Amino acid sequence: MTMASTLEPVRGARRAKDIAYRVSLWLCVAIAMATLGVIALYVLARGINALSVNFFTKEPASQLHPEQGGIVQSFIGTGMIVGIAALIAIPLGLLTAVYLAEYGKGRTASAIRLVSQVLLSTPSIVAGAFIWTVVVVAFGNFSAFAGGLALVVLMWPIVARATEEVLRLVPQELREGSLALGLPRWKTILRVVVPAAGAGILTAVMLAVARALGETAPILLTALGNDYINTDPLKPTDAVPLRIYADARTPIEALHTIAWGGALVLLLAVLLLSIGARVLSVRQQKRLA
Amino acid sequence: MSGSVSADELAGLGAGAARARRSRFIDRGFRSMTLLLGLALIGLLVYMLIDLTAGAWRTFEQFGLHFFVGTTWNPVRGREEFGALPFIFGTAVTSFLAVIIAVPVGVGLALFLNQVRGALANPLAVFIDILAAIPSIVYGLWGLFVLRPFFDSTVEPFLASTIGKVPIVGALFSGKTQGPDMFTAGVILAIMILPIITAVSREVIAVVPRDLREAALALGATRWESVRIAVLPYARNGIVGATMLGLGRALGETIAVAMVIGNVPKIGWSLLAPAATIPSWIASSFREASSVGLHRSALLALAVTLVIWSFLLALVSRVLVRKTEEQIGEPVGDEPVSVARLGAGG
Amino acid sequence: MSTSRIRAVTIAVVAIALVTAACSSKSSSGSGGGAFEGVALTGAGATFPDPIYEQWFDEFKGVMPGAKINYQAIGSGGGVEQFTAKTVDFGASDAPLQADEISALPGPYIEVPTVLGGVVVAYNVSGVKSGLKLDGATTAKIFQGEITKWNDPAITSLNPGVTLPSTPISVVHRSDESGTTFVFTSWLSSQSKDWEKKIGADKAVSWPTGTGGDGNDGVAAGISQTDGSIGYLSYDFAVSSGLGIADIQRDDGTFVTPSVESISKAGGDLTLPISSDTNILNSKTKGAYPIASTTYLLLYQDATDQDKAQTIFDFVTWALTKGQSSVQQLNYSPLPPAIAAAGLKELSKMTLNGQPLTASGAVTG
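As given, the protein sequences belong to chains U, D and L, one line each in that order.
Numbering-wise (my numbering), the first sequence opens with residue 1 and increments by one.
Numbering-wise (my numbering), the second sequence opens with residue 1 and increments by one.
Numbering-wise (my numbering), the third sequence opens with residue 1 and increments by one.
No lab work stands behind these hints, which were simulated from the structure alone.
Note that this is a predicted model, so its numbers are computed, not measured.
Any given hint could be a false lead.
Unchecked claim - Some chain U residues close to chain D (C-beta under 7 Å, calculated; not the full set):
| no. | residue |
| --- | --- |
| 1 | D18 |
| 2 | A32 |
| 3 | I39 |
| 4 | V98 |
| 5 | V126 |
| 6 | A129 |
| 7 | F139 |
| 8 | G214 |
| 9 | Y228 |
| 10 | L268 |
| 11 | L271 |
| 12 | Q284 |
Claimed, not checked - If you anchor each label on the Cβ, the simulated ranges turn out as follows:
| no. | chain 1 | residue 1 | chain 2 | residue 2 | range |
| --- | --- | --- | --- | --- | --- |
| 13 | U | L234 | D | R22 | 35 to 45 Å |
| 14 | U | A180 | D | P123 | 37 to 47 Å |
| 15 | D | P123 | U | E173 | 31 to 41 Å |
Just so it is clear, CB atoms sit at the ideal spot from N, CA and C, and this is done for glycine as well.
Generate the whole structure from the sequences, applying the supplied hints.
The structure is reproduced here in structure tokens:
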């Protein structure tokens, strides 16, 4: 610091540029926070009007009294579609990650990683188009199952990559200790490594589910939508994002309010999962550090 | 273990050998199963590419390379003509606009997060994660009912009357200000890709060696100068990589764009005119497209175009991030998983 | 995760699966004794009749409580597409099936008209009230971009006594596929050889000028946002939009205001069975609105699922009889009784495993 004081004080153009720099950084922060604030406020303000008992328990009402209806079938449908997707994608992703983290050192593993990166960056509409041609036409039906499969295409690489990272973080000593005690490799992985990474894996799952909850395009092409409750996974099913999309495009104000309500619930669910995932991962890092 | 071996132990060892053989068998089986699943993932991608290309084949057969440069999209049977250029144009313009807006803000945020420790940094990072987590449909709804009316009534007339009057550049903001347009879509996309650009830029900036920056500061450089001299040159490749990743996400966003862009297959100079992107067009036309005739096949051809485009982009960004790593000598962290990176999809 | 937790999760998953299976089997079980209550159906297609169809489905549930009909208005093109792929139980289209679509169908079909409607030319010009007179040739030129100002002689000559401003004309058209576009462009093709040659008629065409709106509401919004705009809307929608509606000139020279009455006058032109160029445009009946149209339900003749076949048979029977009395309140026009009867005759072609169907008591009583 004494060196600095013997040099010429910063003035003129240099100082101006520095101030401009600092101000613009704060400006960026302000822009980001303001944008988030505006979005959150609007969704909250407009969505809260829609939330009522009817909203969560009734199906859409007739043309003449749209505000009395609800979107219970969308909630059930989203649960079913995302549930199916999770049931398939989580084990698949987990075991793929196990291969990558525990066994994969060579070219095969790199290829798998590259592929999952490509799938991760594939636009979700493409997954929807793909599943439409393969599943919807083959079954002869739009279905929750097809919607779930379209989401699997997106969730599988997410779970795989995120879980791989977490598994890598498990200290090597744990593995070596377990093997030294005589446990075979597969038991080591399943009974020692995976549980040690437990919270991290949960984080990965939560992130994947959060992503799946908000996806619209892939289920637009595969689940069709439904005005009634449907519990058969092989039939057309509604989902919250689909309902929001459809309601927003009608000219009926009451349905717009319902759309905002759906958006609010969706946003809260996704936020809870994302923030929860973040909290868990911080805790996991502390545990393993 | 004691020196002598009892008869029981001998018997146990024999059984143990059998157990060990069985265990090795299960071990191999387990490993093979996980390998198989990994290969299945590759198979899934390959199957998807083959299936889409097969569906698109009739279109490519009929129009060949003209598909990519044709400007007419006419599904009327008897006059069918499918050219993808309007959608390539719309995708390129909106993504470009999104990047122009999001990169400065994102890099600024990254620099800010990098230099600030403590109380403010964590909440800000959390807020960016929240922005990343917001689903595309919510952005679309907000864009349709909040941003679009606001832009239509305030921002766009302002732009049209100021920049719009400047010669040459003014063409960008000419024409009707009402209604959906590329400008609104570009802004929404910018908000949506901000988190990933910020996250990657942040990592890239974080691995720049501190010594250079501190040396510059010690020599009396201002903060701006230290960043300009000691951080940005090293982070440049990585920031370009982040830009590419952001572009990649912008490419794939479907619903939010579909709700604010107007879905009109036209090419023009004005940002205030409606247009269409590849994903928004596929989303709005797919369910209605008939497979008698080429319409459905042409949409699949658009999907293939998009896949190729995003694949090339991902490749380029990967190379650039690697180049930064080489320069710095440290791994940037092979795309660690976070909400900002995964975001919420379209 | 510990072993006990893995066990717990597995049990939960199995339980959910069992419950789901139980629920789905309950919903697909046939009706026991007693009156037939109907089952859930899925249909998809035209947006033009969506409001009245939704109203009908709601009312029909009062007649048959089990008939939950899920209709997704994805567009006429989508209706035909999904009907062909058999991914829905019935399709709905504003345009009659074309030859290549028919040859792609996997089995013999039934095409029944359900309700009448019309397409209106709507506009937003300050100072100009509803009722501006337009003819086919002028309208075609406007939508082609050849007439660009409201005070063009072609328009003023049709409207003596009306002061038209020099505002430029902004055209608004549909950006999505729609039967409304099909009807409108079919009419334009019939009125202008130039239009027919250059643009043609279809559910989506390559528009030479103008901006696109998504759905009727998108077009209505587009028209109302800019002074001097003109576009086309389905009649039921235009009535509630508050926009100016044009009187269209008939082939006999008279001008007709679109209304439920003037549209229903065109209904007499319908002949069944429906052919690929069936239309009720330019009706010769005096006072009939020229841009009138109908919309069709698509079914397969040979049904195999008893409950579904009975439900759809009952619904269409009800719609063609009792349902017709509800259409006017939503600004649609009912089918002429003769046409409705002809429609029922078409419906009687439907068979279940070779046997003809009869309507349930709840529908005929």
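Comparing the hints with the structure gives:
1. Against a cut-off of 7 Å between C-beta atoms, the interface hint on D18/U holds, since the closest Cβ of chain D lies about 4 Å away.
2. Evaluation of the A32/U hint against chain D yields a held restraint, the C-beta minimum of about 6 Å falling below 7 Å.
3. A least Cβ separation of about 5 Å between I39/U and chain D falls short of the 7 Å threshold, and the interface hint therefore holds.
4. Because the beta carbon of V98/U sits about 5 Å from the nearest beta carbon in chain D, less than 7 Å, this interface hint is met.
5. About 5 Å separates the beta-carbon of V126/U from the nearest beta-carbon of chain D, less than 7 Å, and the hint is met.
6. Interface hint status for A129/U: upheld, as the beta-carbon distance to the closest one in chain D is roughly 5 Å, under 7 Å.
7. Taking 7 Å as the C-beta cut-off, the interface hint given for F139/U is violated, the closest approach to chain D being about 15 Å.
8. Evaluation of the G214/U hint against chain D yields a held restraint, the C-beta minimum of about 3 Å falling below 7 Å.
9. Among the interface hints, the one on Y228/U is violated; its C-beta lies about 19 Å from the nearest C-beta in chain D, farther than the 7 Å criterion.
10. Hint on L268/U is violated. Least Cβ distance to chain D is approximately 11 Å, over the 7 Å limit.
11. The criterion of a C-beta within 7 Å of any C-beta in chain D is met by L271/U, whose closest approach is roughly 6 Å, and the hint holds.
12. With a cut of 7 Å, the hint placing Q284/U at the interface with chain D is violated, because the nearest CB-to-CB distance is about 12 Å.
13. The hinted window of 35 to 45 Å between L234/U and R22/D holds, with their beta carbons roughly 40 Å apart.
14. Judged by the Cβ atoms, the range 37 to 47 Å given for A180/U and P123/D holds: they are separated by roughly 45 Å.
15. For P123/D and E173/U, the hinted distance range of 31 to 41 Å is satisfied, since their beta carbons lie about 36 Å from each other.
Of the hints listed earlier, those the structure fails to meet are numbers 7, 9, 10, 12, in rising order.
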